[in-house]
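Engineer: Protein sequence lines, in the order shown, are assigned to chains A and B. Position one of the first sequence corresponds to residue 0 (numbering that gives the first Met the number 0), numbered consecutively onward. Position one of the second sequence corresponds to residue 0 (numbering that gives the first Met the number 0), numbered consecutively onward.
Be a bit skeptical, because a hint or two may be false.
[Stated by the list, open to error] DEER-style ranges, computed between Cβ atoms:
1. Glu10/B to Val376/A: 29 to 39 Å
2. Glu10/B to Glu397/A: 39 to 49 Å
3. Asp18/B to Thr398/A: 46 to 56 Å
4. Pro55/A to His19/B: 43 to 53 Å
5. Glu118/B to Arg22/A: 57 to 67 Å
6. Val376/A to Pro35/B: 18 to 28 Å
7. Glu10/B to Asp445/A: 29 to 39 Å
8. Arg71/A to Thr6/B: 32 to 42 Å
9. Asp18/B to Ala355/A: 47 to 57 Å
[Stated by the list, open to error] In silico negatives: residues of chain A with every beta carbon more than 12 Å from chain B:
10. Ala161
11. Tyr288
12. Leu358
13. Ser373
14. Thr420
15. Arg452
Treat the hints as calculated values from the structure; they're not laboratory data. No residue lacks a Cβ here, since even glycine has one placed at the ideal position from N, Cα and C.
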Amino acid sequence: MTLRRVLVANRGEIALRVIRACREMGISPVAVYSDADAGAPHVAAADVAVRIGPAPPRESYLNAQAILDAARTTGAEAIHPGYGFLSERPSFARACEAAGITFIGPPASAIERMGSKIGARTLMQQAGVPVVPGITPGDQNDAALISAALDIGFPILLKPSAGGGGIGMKVVRDETSLPGAIATARREAEAAFGDGTLYVERLVDRPRHVEIQVFADRHGHCVHLCERECSAQRRHQKVIEESPSTVLTPAVRARMGAAAVAAAKAVGYVNAGTVEFLLEGHGDEARFYFLEMNTRLQVEHPVTEMVTGIDLVRTQLDVAAGAPLPFTQHDVSQRGHAIECRIYAEDPARGFLPQAGPLLLYREPTGPGIRIDSGVVEGRDIPVHYDPMIAKLIVSGETREAARLRALAALRRYPVLGVRTNIPFVMALLEHPAFIAGDIDTGFLDRQFEDFRERLAQPPSAVAWAAAAGARDSGGTLNPGAAGNLSATSAAPAEPFVTLGAWRVS
Amino acid sequence: MTTWQLTLGSETRLATVDDHGHVTIADEAWHVRPGPTPGTWLVDAGETQCLVAVATRGTTRWVAVDGHVSVFEVDSPRPGRARAVRDDAMMAPMPATVATLSVAVGDAVAVGDVLLVLEAMKMELPVRAARAGTIRAVHCRQGEMVQPGVPLVEIG
Chain A
0 MTLRRVLVAN RGEIALRVIR ACREMGISPV AVYSDADAGA PHVAAADVAV
50 RIGPAPPRES YLNAQAILDA ARTTGAEAIH PGYGFLSERP SFARACEAAG
100 ITFIGPPASA IERMGSKIGA RTLMQQAGVP VVPGITPGDQ NDAALISAAL
150 DIGFPILLKP SAGGGGIGMK VVRDETSLPG AIATARREAE AAFGDGTLYV
200 ERLVDRPRHV EIQVFADRHG HCVHLCEREC SAQRRHQKVI EESPSTVLTP
250 AVRARMGAAA VAAAKAVGYV NAGTVEFLLE GHGDEARFYF LEMNTRLQVE
300 HPVTEMVTGI DLVRTQLDVA AGAPLPFTQH DVSQRGHAIE CRIYAEDPAR
350 GFLPQAGPLL LYREPTGPGI RIDSGVVEGR DIPVHYDPMI AKLIVSGETR
400 EAARLRALAA LRRYPVLGVR TNIPFVMALL EHPAFIAGDI DTGFLDRQFE
450 DFRERLAQPP SAVAWAAAAG ARDSGGTLNP GAAGNLSATS AAPAEPFVTL
500 GAWRVS
Chain B
0 MTTWQLTLGS ETRLATVDDH GHVTIADEAW HVRPGPTPGT WLVDAGETQC
50 LVAVATRGTT RWVAVDGHVS VFEVDSPRPG RARAVRDDAM MAPMPATVAT
100 LSVAVGDAVA VGDVLLVLEA MKMELPVRAA RAGTIRAVHC RQGEMVQPGV
150 PLVEIG
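Start from the sequences and build out the full structure, keeping to the hints where you can.
Structural biologist: As structure tokens, this is what we get:
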């Protein structure tokens with residue numbers, strides 16, 4: 000099968016990313032858009048664009064029926080869901096199938112099986128993929144619980160079996176404090192859930208988040224494309240991703256890669272997916288545990304593209320059209336180092352509050368080893384309705400340090416004005432000794448938050464004051480109508496004695 | 000020459016700017032030139048230059064310097080201060096040297112006539128008549144170092 004027309008059921012940078020791949024392959028791209036995105040870059044980039052509803056995602060980008068209708072009316076043979084929105088809804092994959100449209104992603108059954116946390120855990124155990132050791136002892140007396148804890152090994156986590164949301168969870172680091180903790184946890188579980196049954200789980204202390212990119216075709220091939228480390232997270236939101244990981248040894252990489260492939264095969268996976276692991280420890284003795292599988296293209300996929308040289312989106316389109324994978328496991332290797340920085344419209348100085356508003360000025364850095372995947376343009380508004388991620392800066396270099404310095408230099412030449420962004424925060428992270436040392440776990444950013452607050456509170460340089468005074472309102476500052484008294488006054492000829500007032504108060 | 004009141008958070012500074020982009024804030028002088036693309040500027044400070052980006056919306060001015068963004072409020076100095084000004088006494092906006100003196104007592108001047116030229120930080124600043132009249136007094140000599148706030152020339 001050859002794809003002639005593909006509908007991209009997404010917006011922003013990922014829609015543009017997929018549209019570009021379509022163009023390179025001679026496939027006609029179709030965009031869909033909400034009222035908030037009329038005239039947006041992804042709309043302008045497509046051959047055809049279909050309005051699918053009002054701004055709220057529920058009425059537009061999550062409106063499966065409107066998207067399927069758009070595919071039908073435009074003659075699209077396939078739909079690429081991007082990430083987020085409908086990408087991990089088995090019902091949507093199934094609806095595509097029913098409508099005779101190719102869903103560019105895994106079969107609905109694979110999405111479903113990985114979507115159930117408990118079901119996926121059981122499946123992974125059966126497939127020999129390591130999961131965080133845990134058990135709900137059938138006998139709930141103290142002796143049985145203590146025996147379960149000793150089997151699993153300390154530190155452990157006691158959780159109410161019926162619970163969730165962290166209520167009643169107890170960290171226990173040694174055997175002596177176990178009986179007391181069991182009594183407390185049981186009491187709290189009974190109080191909160193009316194059920195004192197306890198689940199004993201191995202506590203993964205200061206874990207790293209390392210994930211494996213996998214790719215499978217419909218001909219029984221499944222390979223992994225090495226890892227991405229995403230330990231730099233703020234409240235579970237990834238900020239920086241990189242490949243290779245600073246801690247993965249070749250032996251652990253091979254084991255983790257094999258586990259990821261086994262995970263994908265266990266659910267009959269097809270197309271691109273990511274198996275996420277928690278990693279603890281160092282060296283060849285490092286242990287990893289299955290966390291979950293993301294059954295779609297990831298935000299951070301460019302990191303893998305930069306180090307493996309494989310275009311993941313083009314491969315997705317090829318595989319969806321029925322082609323076998325164009326590479327084998329033997330062909331895949333990492334070259335150099337890549338780092339991705341997510342650029343969010345949010346204010347680090349005010350609790351990372353998402354920002355919306357006009358992009359008065361937006362200039363992307365360019366240069367060797369610099370890639371920007373963005374979905375915004377200067378002069379347009381950042382809408383309030385969607386994810387505040389506006390762009391991704393991806394850099395590559397021969398070494399991690401070269402890539403880190405390249406990312407910093409690029410961010411210094413990446414002015415975004417009109418809305419606040421997390422660029423200063425990302426720069427502070429890239430300059431943090433722990434990041435430089437590659438010594439970051441998933442809790443690092445939240446633990447070090449005060450440290451970052453101080454780093455961000457630096458007063459602006461004298462140059463900023465001078466620029467604020469000296470930049471005249473000549474072209475490029477946009478908003479000609481809104482300039483008000485500023486441009487009116489400074490456009491007037493120099494009148495020193497009229498305007499020197501403040502100097503003459505003596 | 001224009002004076003702006005810049006406010007950033009709780010901090011306020013006064014800046015004078017001529018129409019060539021020469022900026023003075025307190026005792027520091029800068030030269031702000033247009034950069035290679037609209038909205039970008041080169042700020043000269045001594046021997047180095049710094050590429051910055053600036054965007055204006057209403058009275059709000061966004062400035063990006065090396066990845067750090069500051070959002071200034073830019074206004075004319077508060078009216079209460081400006082009104083205290085007499086427009087018959089011409090003064091220097093900053094410590095400067097009188098480069099040339101073009102008028103003498105008794106000369107008739109029109110609005111905008113150059114009375115003298117000051118030099119500061121290798122920049123020339125023409126001092127123009129704020130109103131028409133006759134020169135009543137000259138309080139400086141060519142080559143003299145003058146201070147801000149001291150009358151240089153009075154127009155009668």
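Engineer: Quick check: does the Cβ-Cβ distance between Asp18/B and Thr398/A fall within 46 to 56 Å?
Structural biologist: holds (49 Å)
Engineer: Looking only at beta-carbon atoms, does the pair Glu118/B, Arg22/A fall within the given range of 57 to 67 Å?
Structural biologist: Hint holds: Cβ distance 58 Å, inside 57 to 67 Å.
Engineer: When you take the CB atoms of Pro55/A and His19/B, is the distance between them in 43 to 53 Å?
Structural biologist: 51 Å Cβ-Cβ, so the 43 to 53 Å window holds.
Engineer: Run the C-beta distances from Tyr288/A to all of chain B and say if the shortest one exceeds 12 Å.
Structural biologist: holds (37 Å)
Engineer: Evaluate the given range 32 to 42 Å for the C-beta pair formed by Arg71/A and Thr6/B.
Structural biologist: At 56 Å between Cβs, range violated.
Engineer: For the range 47 to 57 Å, tell me whether the beta carbons of Asp18/B and Ala355/A fit it or not.
Structural biologist: Given a distance of about 36 Å, which is not inside 47 to 57 Å, the answer is violated.
Engineer: Regarding Glu10/B and Glu397/A, is the given constraint of 39 to 49 Å on their beta-carbon distance met?
Structural biologist: holds (43 Å)
Engineer: Test the statement that Arg452/A is away from the interface with chain B: the closest C-beta pair must be farther apart than 12 Å.
Structural biologist: About 15 Å separates Arg452/A from the closest Cβ of chain B, which puts it past 12 Å; holds.
Engineer: Can we confirm that no CB of chain B comes within 12 Å of the CB of Ser373/A?
Structural biologist: At about 16 Å from chain B, Ser373/A clears the 12 Å cut-off, so the statement holds.
Engineer: Taking the shortest Cβ-to-Cβ distance between Ala161/A and chain B, state whether it exceeds 12 Å.
Structural biologist: holds (48 Å)
Engineer: Is 29 to 39 Å respected by the C-beta to C-beta distance linking Glu10/B and Val376/A?
Structural biologist: Holds, at about 33 Å.
Engineer: Would you check whether the claim that Thr420/A is not at the interface survives, using Cβ distances to chain B and the 12 Å cut-off?
Structural biologist: violated (8 Å)
When each numbered hint is compared with the structure, violations occur for hints 8, 9, 12 and 14.
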